[in-house]
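Residues per chain are reported as follows:
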Amino acid sequence: MRMTQGTFSFLPDLTDKQVRAQVEYALDRGWAVSVEHTADPHPRNVYWEMWGQPMFDLRDAAGVVQEIKACKAAFPAHFVKVNAFDSTRGWETIRLSFIVQRPAQEPAFALERQEAEGRTIRYTIGRAV
Amino acid sequence: MSPQPAPLSAVPSRAAEATVDLAALLAQSQIGEIFDQLDRELIGLAPVKARIREIAALLLVERARAGLGLTTVAPSLHMSFTGKPGTGKTTVALRMAEILHRLGYVRKGHLVAVTRDDLVGQYIGHTAPKTKEVLKKAMGGVLFIDEAYYLYRPENERDYGQEAIEILLQVMENQREDLVVILAGYRDRMDTFFRSNPGMRSRIAHHIDFPDYTPEELFAIAELMLSHMQYALSTDARLALQEYIARRMAQPDFANARSIRNALDRARLRQASRLFEARAQPLDRQSLVTIEAEDIRKSRVFAM
Numbered sequence: 001m002r003m004t005q006g007t008f009s010f011l012p013d014l015t016d017k018q019v020r021a022q023v024e025y026a027l028d029r030g031w032a033v034s035v036e037h038t039a040d041p042h043p044r045n046v047y048w049e050m051w052g053q054p055m056f057d058l059r060d061a062a063g064v065v066q067e068i069k070a071c072k073a074a075f076p077a078h079f080v081k082v083n084a085f086d087s088t089r090g091w092e093t094i095r096l097s098f099i100v101q102r103p104a105q106e107p108a109f110a111l112e113r114q115e116a117e118g119r120t121i122r123y124t125i126g127r128a129v
Numbered sequence: 001m002s003p004q005p006a007p008l009s010a011v012p013s014r015a016a017e018a019t020v021d022l023a024a025l026l027a028q029s030q031i032g033e034i035f036d037q038l039d040r041e042l043i044g045l046a047p048v049k050a051r052i053r054e055i056a057a058l059l060l061v062e063r064a065r066a067g068l069g070l071t072t073v074a075p076s077l078h079m080s081f082t083g084k085p086g087t088g089k090t091t092v093a094l095r096m097a098e099i100l101h102r103l104g105y106v107r108k109g110h111l112v113a114v115t116r117d118d119l120v121g122q123y124i125g126h127t128a129p130k131t132k133e134v135l136k137k138a139m140g141g142v143l144f145i146d147e148a149y150y151l152y153r154p155e156n157e158r159d160y161g162q163e164a165i166e167i168l169l170q171v172m173e174n175q176r177e178d179l180v181v182i183l184a185g186y187r188d189r190m191d192t193f194f195r196s197n198p199g200m201r202s203r204i205a206h207h208i209d210f211p212d213y214t215p216e217e218l219f220a221i222a223e224l225m226l227s228h229m230q231y232a233l234s235t236d237a238r239l240a241l242q243e244y245i246a247r248r249m250a251q252p253d254f255a256n257a258r259s260i261r262n263a264l265d266r267a268r269l270r271q272a273s274r275l276f277e278a279r280a281q282p283l284d285r286q287s288l289v290t291i292e293a294e295d296i297r298k299s300r301v302f303a304m
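Chain order of the listed sequences is A and B.
First residue of the first sequence? That's 1 in the working numbering, and the numbers climb one at a time after it.
First residue of the second sequence? That's 1 in the working numbering, and the numbers climb one at a time after it.
Mixed in with the good hints there might be a few duds.
Distance condition first, Cα-Cα at most 25 angstroms in a straight line; then the derived PhoX-like pairs of lysine-lysine [as the list claims (entries may be wrong)]:
hint	chain 1	residue 1	chain 2	residue 2
1	B	K132	A	K69
2	B	K130	A	K72
3	B	K132	B	K108
4	B	K132	A	K72
5	A	K17	B	K132
6	B	K49	B	K84
7	A	K69	B	K130
8	B	K49	B	K132
Far from chain A by the CB rule (all over 12 angstroms, computed), these chain B residues [what the hints assert, rightly or not]:
hint	residue
9	A23
10	I34
11	R102
12	K108
13	P129
14	K132
15	L135
16	E155
17	R201
18	E216
19	Y231
20	R258
In case anyone wonders, no lab produced these hints; they're calculated from the structure.
For every residue, glycine included, the Cβ atom is placed at its ideal position computed from N, Cα and C.
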């Protein structure tokens with residue numbers, strides 16, 4: 001089951017050239033780019049592991065692409081994503097976040113239903129076997 | 001880093017016998033404007049300007065070649081600036097980043113200026129991440145390493161400078177299109193540094209020596225500095241300054257343009273004192289702007 005989390009997730013995987021172009025786009029606007037990875041792609045898992053610090057002071061994508069490659073090489077079975085944070089007043093948020101690496105086998109998730117009091121149904125998402 | 005060829009209006013449509021008009025390419029790019037600005041703002045420095053012209057010519061020819069479908073190879077642009085203090089090494093390095101960016105050789109054109117402390121760590125394992133962070137910051141621009149010879153300290157075996165040099169060498173060779181490295185320092189020490197690190201010397205394509213300025217050039221620099229600060233010399237002051245330069249150059253520890261800047265600052269100080277003494281009368285713009293001969297002649301240099 002293909003995780004459709006973040007930008008471009010419904011498109012085919014981005015090529016290296018496309019990833020670089022996206023990073024250039026973010027750096028041109030002065031956004032801080034960071035790399036994160038995780039083994040657990042559950043939709044509620046918002047805290048992925050950071051790979052190094054956010055790169056506030058870089059002007060060019062070459063440095064970022066280097067870090068992305070290093071993270072991919074260090075964790076070939078993890079999901080790896082790139083975030084771009086905009087610190088201008090009024091935004092102060094992640095403007096762009098896209099997945100750059102997926103493991104060969106992505107886990108599947110399914111809807112779990114639980115009957116609570118008064119026959120109401122409570123839902124959650126859990127791993128499908 | 002091969003520059004993208006600009007649309008060549010100079011190439012006629014017959015592909016079989018295509019020719020290129022370099023003069024038209026020159027007019028199309030803004031290289032002429034860069035040189036005029038360089039001539040105006042940097043006095044002297046003939047070998048530096050000559051080398052920049054050569055690099056610009058290479059750029060034009062590369063564009064012409066690209067227009068005719070020939071392969072273009074980005075040249076190695078790492079440089080080493082040697083010279084005495086105050087000869088303009090750091091100033092030119094700052095300009096070089098901008099110039100290379102406008103010539104299309106570096107992508108972003110920013111300059112990261114570091115010394116040994118920014119590259120070398122204090123304990124094992126500290127150097128590599130420190131150097132790599134600096135290199136990442138400089139990608140797409142120019143890395144300027146001042147007093148580069150301090151990286152190499154053979155007499156202290158616990159020194160981690162060699163590690164920084166290794167990382168630099170690797171990046172200078174493998175990521176030539178991402179980064180330009182400029183080393184700077186005094187001539188004799190740089191020579192020693194290169195002799196002990198032949199790998200470094202072979203990766204530097206341009207060794208440029210910054211000659212000492214002539215007295216005429218120093219005077220022109222003084223006038224340029226004063227005009228930027230919106231001061232002017234009176235006629236007598238001009239003669240006084242020329243005499244001052246001649247005398248000061250003969251004394252020890254002369255730091256070329258930096259000594260001139262210090263001298264001008266002291267002249268401004270004396271002008272301010274003189275105007276302050278005469279504060280009973282109102283001052284006009286002319287008196288605030290003009291530096292008189294006495295402001296210069298009060299210097300110790302004339303007393304010796």
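*Would you check the hint for K49(B) and K84(B), treating anything up to 25 angstroms between C-alpha atoms as holding?*
Since the Cα atoms of K49(B) and K84(B) sit roughly 18 angstroms apart, the hinted pair holds (cutoff 25 angstroms).
*Over 12 angstroms to the closest beta carbon of chain A is the bar; see if K108(B) clears it.*
Violated: least Cβ distance 4 angstroms, not greater than 12 angstroms.
*Status of the stated non-contact between E216(B) and chain A (beta carbon gap over 12 angstroms)*: holds (40 angstroms)
*asked:* Can you confirm whether the C-alpha distance between K17(A) and K132(B) stays at or below 25 angstroms?
replied: holds (23 angstroms)
*Taking C-beta pairs only, is P129(B) more than 12 angstroms away from all of chain A?*
violated (9 angstroms)
*Check the non-interface label on Y231(B): least C-beta distance to chain A beyond 12 angstroms or not.*
The claim stands: Y231(B) keeps its Cβ more than 12 angstroms from every Cβ of chain A (closest is about 36 angstroms).
*Minimum Cβ separation between E155(B) and chain A greater than 12 angstroms?*
Label holds. Min Cβ-Cβ 34 angstroms, cutoff 12 angstroms.
*Taken at face value, is the distance from the CA of K72(A) to the CA of K132(B) at most 25 angstroms?*
holds (18 angstroms)
*Would you check the hint for K49(B) and K132(B), treating anything up to 25 angstroms between C-alpha atoms as holding?*
violated (32 angstroms)
_12 angstroms cut-off, C-beta based - L135(B) kept clear of every residue in chain A_ = It is violated; L135(B) is separated from chain A by about 8 angstroms at its closest Cβ, not greater than 12 angstroms.
*Hey, K130(B) versus K72(A), does the alpha-carbon distance stay inside 25 angstroms?*
This hinted pair holds, its Cα atoms lying about 21 angstroms apart.
*Beyond 12 angstroms from every chain A Cβ - status for R201(B)*: At roughly 25 angstroms from the nearest Cβ of chain A, R201(B) sits farther out than 12 angstroms, so the non-interface label holds.
Of the numbered hints listed earlier, those contradicted by the structure are 8, 12, 13, 14, 15.
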